[in-house]
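**Student:** Residue-level listing of the chains:
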Amino acid sequence: MATMTMIQALRSAMDVLLGSDPDVVVFGEDVGYFGGVFRCTEGLQAKYGRHRVFDSPIAEGGIVGTAIGMAANGLKPVVEVQFADYFYPASDQIVSEAARLRYRSAGDFTAPVVIRMPCGGGIYGGQTHSQSPEALFTHVCGLRTVMPSNPYDAKGLLIAAVESGDPVIFLEPKRLYNGPFDGQHDQPMVPWSRHPRSEVPEGRYTVPLESAAVVRPGEQLTVLTYGTMVYVAEAAARQAGVDAEIIDLRSLWPLDLATMVDSVRKTGRCVVLHEATRTSGFGAELVSLVQEHCFYHLEAPIERVTGWDTPYPHALEWAYFPGPERVARAFRKVLGEGLP
Amino acid sequence: MPGDPMPLRLHVPEPTGRPGQATDFSYLRVSAPGEVPRPAVDIVPSHTGTMAWKLIRVLDDHGQAVGPWAPRVEPETLRRGLVAMLRTRAFDARMLIAQRQKRISFYMQCLGEEAVAVAHALALQPGDMCFPTYRQQGLLLCRDDIDVVELMCQLLSNERDPLRGRQLPVMYSYRRAGFFSISGNLATQFVQAVGWAMASAIKGDTKIASAWIGDGSTAEADFHNALTFAHVYRAPVILNVVNNQWAISTFQAIAGGEGTTFAARGVGAGIASLRVDGNDFLAVLSASRWAAERARRNLGPTLVEWVTYRAGAHSTSDDPARYRPADDWQKFPLGDPVARLRQHLTGLGAWSDAEHDRTVAALDEEMAAALKEASRHGSVQDGHIPPLATMFEDVYRQMPPHLREQMRQAAAETGVA
Chain A
1 MATMTMIQAL
11 RSAMDVLLGS
21 DPDVVVFGED
31 VGYFGGVFRC
41 TEGLQAKYGR
51 HRVFDSPIAE
61 GGIVGTAIGM
71 AANGLKPVVE
81 VQFADYFYPA
91 SDQIVSEAAR
101 LRYRSAGDFT
111 APVVIRMPCG
121 GGIYGGQTHS
131 QSPEALFTHV
141 CGLRTVMPSN
151 PYDAKGLLIA
161 AVESGDPVIF
171 LEPKRLYNGP
181 FDGQHDQPMV
191 PWSRHPRSEV
201 PEGRYTVPLE
211 SAAVVRPGEQ
221 LTVLTYGTMV
231 YVAEAAARQA
241 GVDAEIIDLR
251 SLWPLDLATM
261 VDSVRKTGRC
271 VVLHEATRTS
281 GFGAELVSLV
291 QEHCFYHLEA
301 PIERVTGWDT
311 PYPHALEWAY
321 FPGPERVARA
331 FRKVLGEGLP
Chain B
341 MPGDPMPLRL
351 HVPEPTGRPG
361 QATDFSYLRV
371 SAPGEVPRPA
381 VDIVPSHTGT
391 MAWKLIRVLD
401 DHGQAVGPWA
411 PRVEPETLRR
421 GLVAMLRTRA
431 FDARMLIAQR
441 QKRISFYMQC
451 LGEEAVAVAH
461 ALALQPGDMC
471 FPTYRQQGLL
481 LCRDDIDVVE
491 LMCQLLSNER
501 DPLRGRQLPV
511 MYSYRRAGFF
521 SISGNLATQF
531 VQAVGWAMAS
541 AIKGDTKIAS
551 AWIGDGSTAE
561 ADFHNALTFA
571 HVYRAPVILN
581 VVNNQWAIST
591 FQAIAGGEGT
601 TFAARGVGAG
611 IASLRVDGND
621 FLAVLSASRW
631 AAERARRNLG
641 PTLVEWVTYR
651 AGAHSTSDDP
661 ARYRPADDWQ
671 KFPLGDPVAR
681 LRQHLTGLGA
691 WSDAEHDRTV
701 AALDEEMAAA
711 LKEASRHGSV
721 QDGHIPPLAT
731 MFEDVYRQMP
741 PHLREQMRQA
751 AAETGVA
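Listed in order, the protein sequences are those of chains A and B.
The opening position of the first sequence corresponds to residue 1 in this note's numbering, with each subsequent residue numbered one higher.
The opening position of the second sequence corresponds to residue 341 in this note's numbering, with each subsequent residue numbered one higher.
Isolated chain B (complex conformation) (with noise of 0.2 Å):
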């Protein structure tokens, strides 16, 4: 080799964006609403690679949908999921309030991501099953059949709680809702889902699972195992990324996402693969009714890298003002999907400004009212909780002598049952 050695370097990526410095979006690649092709659902995996590298958008800057990629909806339905991501963020907001007042120990919002969870439902069907992470809430507060003041309980980890005070607030389980128990470990469920849709398959039935998973976790191994069956076996499943920028203060780059994009990932692995502004509730709806499609026909799996931003904290043990711009979302050029829903709405004239505050208003009623009736049956903090045996029920089918002997003791020495 002629010429000195030239001594190497290690790269490690920042964010363009740091507190005190000016907000900088140029890294993300955006294509103009109704730029991108919309193949035929039988499209060979491989050749989804512009669908991968670019980004699929609806709506335009004025509120109209555009292209190819524009669904075919009634206006009621779009109502109906602009007052579901309304509902979504009343009741963050309140549990937000609520963590704030130590009335709950922890709490994980969604604000800004509703359209992720809530178009997406509308593309499943009743049995279909959601392996979601900690911020899908709005696939059950899209529901009418999720009683809010349950969920609650589950919040203050109550003697209401279904989940009998054994697991973090937010990590819900409600099988006959198709969402199924959320771990606290990333990306543990996102080859579950793909065993779960193997299943469907293996037994002949209907049903399809849909996988989610953060931009951080996709560095997990488990994600790439998800990958690597759901296209061996060809499974019914949707592989949802959502990229929201920030895993905890951690910048996509350093997940992996610098100079590439999540949904690539799919096509290399032989998946059909979509990336889509995950704020355009209309591109949410259609690319989500594409990949269920696909699932349904026995055309395998589909990745869909969701371009969103985390608005909020991570969590309320989380501060992002010590590690990102304040003015993040503000400048975010994918704007806030309830905004612009609305926007859509209002100008088809299926929305109004005084119908908009009346929802607001009555879905903040909703909350405040639903929380005083939750906590009625108490709190981790008043000791209104599960009784002791519940500690050691189901961890195995039928409570083994061990456990049996351990219950005796430790009411014995606690003093209760």
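One chain only, chain A, in its complex shape (with noise of 0.2 Å):
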């Protein structure tokens, strides 16, 4: 079977939908005749035509307020936001038109429409080109919001959030575009030929939404997290020699809160990672269904590793990004070694 890098397999996944549905168009900026800042959807234009994958003005509320005009009208539209740190114009487009129109409709009409956007940092891309916005989305009813974490899921689940009928904000870690980056800024960069998570069919497939995946089992603690974070778990648990269950939530809002129910029961301790900002981040979710639903079967307050609560700084970005010694600290903690 092939290797796909991320940007591949994305590819592929368009590829497929569009060639097997002739509703499904692609469209954003730079993404048509050029294929994307970060060439997701090279190659497309030519092989589908200027009117099923086209280049769009500089317009984030343009974008998806037309993305959810055309799903009204019997199209599946997925469309770019070229980093996520530019979709706020596109707010009420997303939050009061696409999330609600099934429902304030009564289904006459529905928004089936599929936001792609690269987030999350490690690339000095500073404070507008590395936001992990996924909280904004999580918290508003009726979305759908969905983070692969290589390149396996972000096609199966890039076409699953197609056909699921639902409005859905796809996040890309742009760190995760080209290898499987777990936080050691100063070694060199893995490929994802190295990782079996990037062996891709070429044809049509799904991931299922709303289901996490146990990407280490183990039995000291889980860790719960998505996206780039997912490989800086796993290097932690590595540095730290620690027996660490780490799921990949894939789907972030609906969840598959049975996989990580189940886990934390079973291990008695949880840590909480991402890259987002901590104060009213998806974590502080997460930590509350934890405590909600496994509070007798836990043996160490619940660690939260994140962001700080600054905008995302450009030379000091190493300091920001939570690396693997911050994660292995809080495995320290919740394993009750005391701090180093």
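Please note that the accuracy of each hint is not assured.
With beta-carbon atoms standing in for the labels, derived distance ranges [said to hold, decoys possible]:
{"hint": "1", "chain 1": "B", "residue 1": "753", "chain 2": "A", "residue 2": "203", "range": "42 to 52 Å"}
{"hint": "2", "chain 1": "B", "residue 1": "515", "chain 2": "A", "residue 2": "336", "range": "55 to 65 Å"}
{"hint": "3", "chain 1": "A", "residue 1": "258", "chain 2": "B", "residue 2": "727", "range": "27 to 37 Å"}
{"hint": "4", "chain 1": "B", "residue 1": "746", "chain 2": "A", "residue 2": "123", "range": "44 to 54 Å"}
{"hint": "5", "chain 1": "A", "residue 1": "336", "chain 2": "B", "residue 2": "728", "range": "37 to 47 Å"}
{"hint": "6", "chain 1": "B", "residue 1": "467", "chain 2": "A", "residue 2": "141", "range": "30 to 40 Å"}
{"hint": "7", "chain 1": "B", "residue 1": "600", "chain 2": "A", "residue 2": "39", "range": "15 to 25 Å"}
{"hint": "8", "chain 1": "B", "residue 1": "724", "chain 2": "A", "residue 2": "300", "range": "48 to 58 Å"}
{"hint": "9", "chain 1": "A", "residue 1": "47", "chain 2": "B", "residue 2": "382", "range": "31 to 41 Å"}
{"hint": "10", "chain 1": "B", "residue 1": "382", "chain 2": "A", "residue 2": "30", "range": "25 to 35 Å"}
{"hint": "11", "chain 1": "A", "residue 1": "258", "chain 2": "B", "residue 2": "737", "range": "33 to 43 Å"}
{"hint": "12", "chain 1": "A", "residue 1": "300", "chain 2": "B", "residue 2": "722", "range": "23 to 33 Å"}
{"hint": "13", "chain 1": "A", "residue 1": "141", "chain 2": "B", "residue 2": "722", "range": "38 to 48 Å"}
No lab work stands behind these hints, which were simulated from the structure alone.
Just so you know, these numbers come straight off a predicted model, no measurement behind them.
Glycine included, every Cβ here is placed at the ideal spot set by N, Cα and C.
The two chains are supplied separately, each in an independent frame; assemble them into the complex guided by the hints.
**Tutor:** As structure tokens, then:
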């Protein structure tokens, strides 16, 4: 089986969708002729034509607004917001329109729009090219929020998102586009071809929504995480010699509660990990769910490791990014081993 | 720079009349009926400047149809149009009473603006999609396949409300009648209509879209997004700006109407644009046909500013006596669309005072009977409302586990299912 990068897997997903469903259209800033600033749509316009894969004006509200109208007229738009940091002008269209059209019209109209957005830092993008705004979407009823961490999941989840019939926010950790980055920024980059989840079938398959993956089974503690932090958690477990059970949520909301709860009840200890800022971050919701469902199984307070409550800095990127050392420290804390 | 620097001053526009003052419509540029030329539909959009600055009118002061925009139309069509406007007015009047009687929580009338919706509908085809605001109920009330009892059930939020009590009164949704779900947030649907029209073009379909916005909300980014996308992709869409002079208490100059027109924004965006007397049924019909033909012939979007006047309050929560002269509507230079079409039809010998009175009385009776029938299905006041489970349905295509759990919890806590 061919190995693919995240970029190739996402492109393959859109290729499959465009090739099998005439209602699928792909558009956004620079996605047409040029193929997107991260190359995710490269070659698709040449293959499927300008009326199905095209460039849009620089207006995120217009991109999402027109996509909603297209979806209401039977199309399945897959649009790209060039960086997640740029979605704010589209907030009204996402929150008040796409998320609620089915509800407010009692099913008379629906808006099955998939909005792809590269997110997260680690590329020296500064405060306008590094954000992880997932909690702003998980707070909105009617949206699905998804974040893949590897090429196989990226393709399967994107196809599942388009076929779900719901509006989906599809967050792509841009630091993972070309390799499974584990936070050790001074080490040479590992290519996807050496990772088993880079083996991606050419044709159609789905990874079900609302389904988490246990990427590393373990007994000592549970890590609830997603995106780039999956690899940071693995590096931390290796470095600290901790037998961590690492859960990649994949679908942030609605989520796979059972997999989370089963794991924490088994290990009795939990670390929640994300790159986004801490306060009112999605980790707060995860901590709350664990507390509600696993309280009597917990052996220690739940730990959260997150980005700091500051804008994403440029020069101090690696002081901001929650790397393996910070995660390992949290592991030792929940294991009662004290701080070094 | 020679001389003393001049202190800078902020300009904040004011309307030409406030309560207690004499009204003054001198700001409103009005052309003579028949004065504005009617170009071929394939005109270069940037050449529509004249049409965007002047005011296209057909009916003169005597009710005669004059000039190049006078449409070819059977008197019977106009009679149906007049009845539809009267029906819209009768529906509004009955619902205002119902709101004062506290039978419904809220209402929005379109008094004085009926022609903008009713005459426009005559230019559309089955399958076309309107993206209306809350003041185009005429699009529904001009149809014989929309049951007014069902509309009233929506207003009552009762057990028969097709929207299951989820929306404020008047935020209807009728896909089968080409009437998109009304959001309640302003301007959002203007750009969605462009997307709907783009989809029609992508699919090679023949259907067009018609988008609606008020003068006030043209200030929103979604308006400008709509113009940009409609122009860029030459979308088969009609972009209607209903300039009724007031956005709640805010005069249209605060939306950016001072010293310019809303139609002029379209010309600047590369869109063929017209400024039309929105209280002139024949002008609305004619301009709508022109715009619809452009869309159907792949000539792209048309922006139409309909100049009209919001004769009533913004909503039942509003009191215009607090911010504008009381006699504004009587002095409005473009009059009342119902009176003007009635005068025209009477002049043609196709309408009479006796028929008018009979029609008004019959419509009033129809609305009273419909409200009585709708009220039998309950209202938000008497608790005959959709069941609790409907609160949790339609959030997603399939109800996720967390909503099933919350539904179970809500049922347990409230003791109802």
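**Student:** A separate judgement is required for each hint: does it hold in the structure or not?
**Tutor:** Checked hints:
1. B:753 <-> A:203: 42 to 52 Å: Cβ of residue 753 of chain B to Cβ of residue 203 of chain A: about 48 Å, so the range 42 to 52 Å holds.
2. B:515 <-> A:336: 55 to 65 Å: Hint holds: Cβ distance 60 Å, inside 55 to 65 Å.
3. A:258 <-> B:727: 27 to 37 Å: holds, 29 Å
4. B:746 <-> A:123: 44 to 54 Å: violated, 39 Å
5. A:336 <-> B:728: 37 to 47 Å: holds, 46 Å
6. B:467 <-> A:141: 30 to 40 Å: holds, 32 Å
7. B:600 <-> A:39: 15 to 25 Å: Cβ of residue 600 of chain B to Cβ of residue 39 of chain A: about 44 Å, so the range 15 to 25 Å is violated.
8. B:724 <-> A:300: 48 to 58 Å: holds, 53 Å
9. A:47 <-> B:382: 31 to 41 Å: Holds: the Cβ-Cβ distance is about 34 Å, inside 31 to 41 Å.
10. B:382 <-> A:30: 25 to 35 Å: holds, 33 Å
11. A:258 <-> B:737: 33 to 43 Å: violated, 21 Å
12. A:300 <-> B:722: 23 to 33 Å: violated, 54 Å
13. A:141 <-> B:722: 38 to 48 Å: The hinted range 38 to 48 Å is violated for residue 141 of chain A and residue 722 of chain B, with Cβ atoms some 28 Å apart.
Hints 4, 7, 11, 12, 13 from the earlier list are contradicted by this structure; the remaining hints agree with it.
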